[in-house]
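Visitor: Letter by letter, the chains look like this.
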Amino acid sequence: DVKVTQSSRYLVKRTGEKVFLECVQDMDHENMFWYRQDPGLGLRLIYFSYDVKMKEKGDIPEGYSVSREKKERFSLILESASTNQTSMYLCASSGTSGGSTDTQYFGPGTRLTVL
Amino acid sequence: KNQVEQSPQSLIILEGKNCTLQCNYTVSPFSNLRWYKQDTGRGPVSLTIMTFSENTKSNGRYTATLDADTKQSSLHITASQLSDSASYICVVRLGGYNKLIFGAGTRLAVHP
Numbered sequence: 001d002v003k004v005t006q007s008s009r010y011l012v013k014r015t016g017e018k019v020f021l022e023c024v025q026d027m028d029h030e031n032m033f034w035y036r037q038d039p040g041l042g043l044r045l046i047y048f049s050y051d052v053k054m055k056e057k058g059d060i061p062e063g064y065s066v067s068r069e070k071k072e073r074f075s076l077i078l079e080s081a082s083t084n085q086t087s088m089y090l091c092a093s094s095g096t097s098g099g100s101t102d103t104q105y106f107g108p109g110t111r112l113t114v115l
Numbered sequence: 116k117n118q119v120e121q122s123p124q125s126l127i128i129l130e131g132k133n134c135t136l137q138c139n140y141t142v143s144p145f146s147n148l149r150w151y152k153q154d155t156g157r158g159p160v161s162l163t164i165m166t167f168s169e170n171t172k173s174n175g176r177y178t179a180t181l182d183a184d185t186k187q188s189s190l191h192i193t194a195s196q197l198s199d200s201a202s203y204i205c206v207v208r209l210g211g212y213n214k215l216i217f218g219a220g221t222r223l224a225v226h227p
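From first to last, the protein sequence lines stand for chains A and B. 1 is the number of the first residue of the first sequence in this note's numbering; add one for each residue after it. 116 is the number of the first residue of the second sequence in this note's numbering; add one for each residue after it.
Keep in mind that a hint or two might mislead.
[Claimed, not checked] Straight-line distance between alpha carbons at most 27 Å, and here's what the computed DSS-like set of lysine-lysine pairs gives:
no.: 1; chain 1: A; residue 1: K53; chain 2: A; residue 2: K71
no.: 2; chain 1: A; residue 1: K3; chain 2: B; residue 2: K214
no.: 3; chain 1: A; residue 1: K13; chain 2: A; residue 2: K57
no.: 4; chain 1: A; residue 1: K71; chain 2: A; residue 2: K18
no.: 5; chain 1: A; residue 1: K3; chain 2: B; residue 2: K172
no.: 6; chain 1: B; residue 1: K214; chain 2: B; residue 2: K186
no.: 7; chain 1: A; residue 1: K70; chain 2: A; residue 2: K57
no.: 8; chain 1: A; residue 1: K53; chain 2: B; residue 2: K214
no.: 9; chain 1: A; residue 1: K55; chain 2: B; residue 2: K214
no.: 10; chain 1: A; residue 1: K70; chain 2: B; residue 2: K186
no.: 11; chain 1: A; residue 1: K71; chain 2: A; residue 2: K55
no.: 12; chain 1: A; residue 1: K55; chain 2: B; residue 2: K116
no.: 13; chain 1: A; residue 1: K57; chain 2: B; residue 2: K214
no.: 14; chain 1: A; residue 1: K55; chain 2: A; residue 2: K13
[Claimed, not checked] Quick look at which bits of chain B chain A covers, simulated, 3 or more residues with Cβ under 8 Å:
no.: 15; region: 158-170
no.: 16; region: 211-220
These are calculated hints, taken from the structure and not from any lab test. Predicted model only: the values in this text are computed from it and were never measured. Beta carbons are placed, not taken as given, at the ideal position from N, Cα and C, and that holds for glycine.
Work the whole structure out from these sequences, hints included.
Guide: This is the structure:
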């Protein structure tokens with residue numbers, strides 16, 4: 001069974017704080033993704049990574065950065081949290097780089113509130 | 116513009132009844148379409164996947180259909196159970212790219 005875990009289920013931070021969201025997968029997947037999910041909107045891709053130390057911008061990268069030092073771990077960093085970054089953050093991983101039918105497996109999500 | 120639209124936004128049905136959720140897309144080129152189920156407070160879990168040549172796929176009480184000509188898909192749930200209460204998300208993969216286009220989801224509530 002694929003397992004994707006995220007470091008926190010709920011997080012409350014203050015405006016201007018630096019925030020780290022961690023994601024770990026145990027299936028040796030090449031691809032990892034960070035999304036945010038807001039009510040009434042579909043999941044939106046923030047960043048993704050095809051390999052260690054590789055990163056690509058998604059649709060909404062502004063205000064975020066990522067780090068992938070090890071294959072199993074993908075971190076999302078909010079350099080200076082703002083209230084409009086209050087959201088549910090979902091991490092996903094998939095194997096078979098470039099395959100069109102590979103499933104993305106999602107973690108349980110981190111609900112971040114920025115006050 | 117590549118878009119995925121789902122309807123209805125929300126739906127309430129009684130336990131044991133059937134229901135159908137709709138997904139219309141304008142994604143091109145098309146690679147495949149997947150339905151995910153997302154329980155409250157959880158990440159999405161894949162239910163079915165269909166490529167261009169497939170027009171129906173079942174997973175237990177869930178049956179997905181795809182009409183690639185009209186760019187429409189539906190997810191039919193038979194004999195609903197309380198555990199079917201969740202959001203159902205339609206996701207289309209852009210052909211030739213490792214990019215997914217997500218619908219906003221349909222929130223289903225099954226009442227006893």
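Visitor: What are the numbers of the hints that this structure violates, sorted from low to high?
Guide: 10
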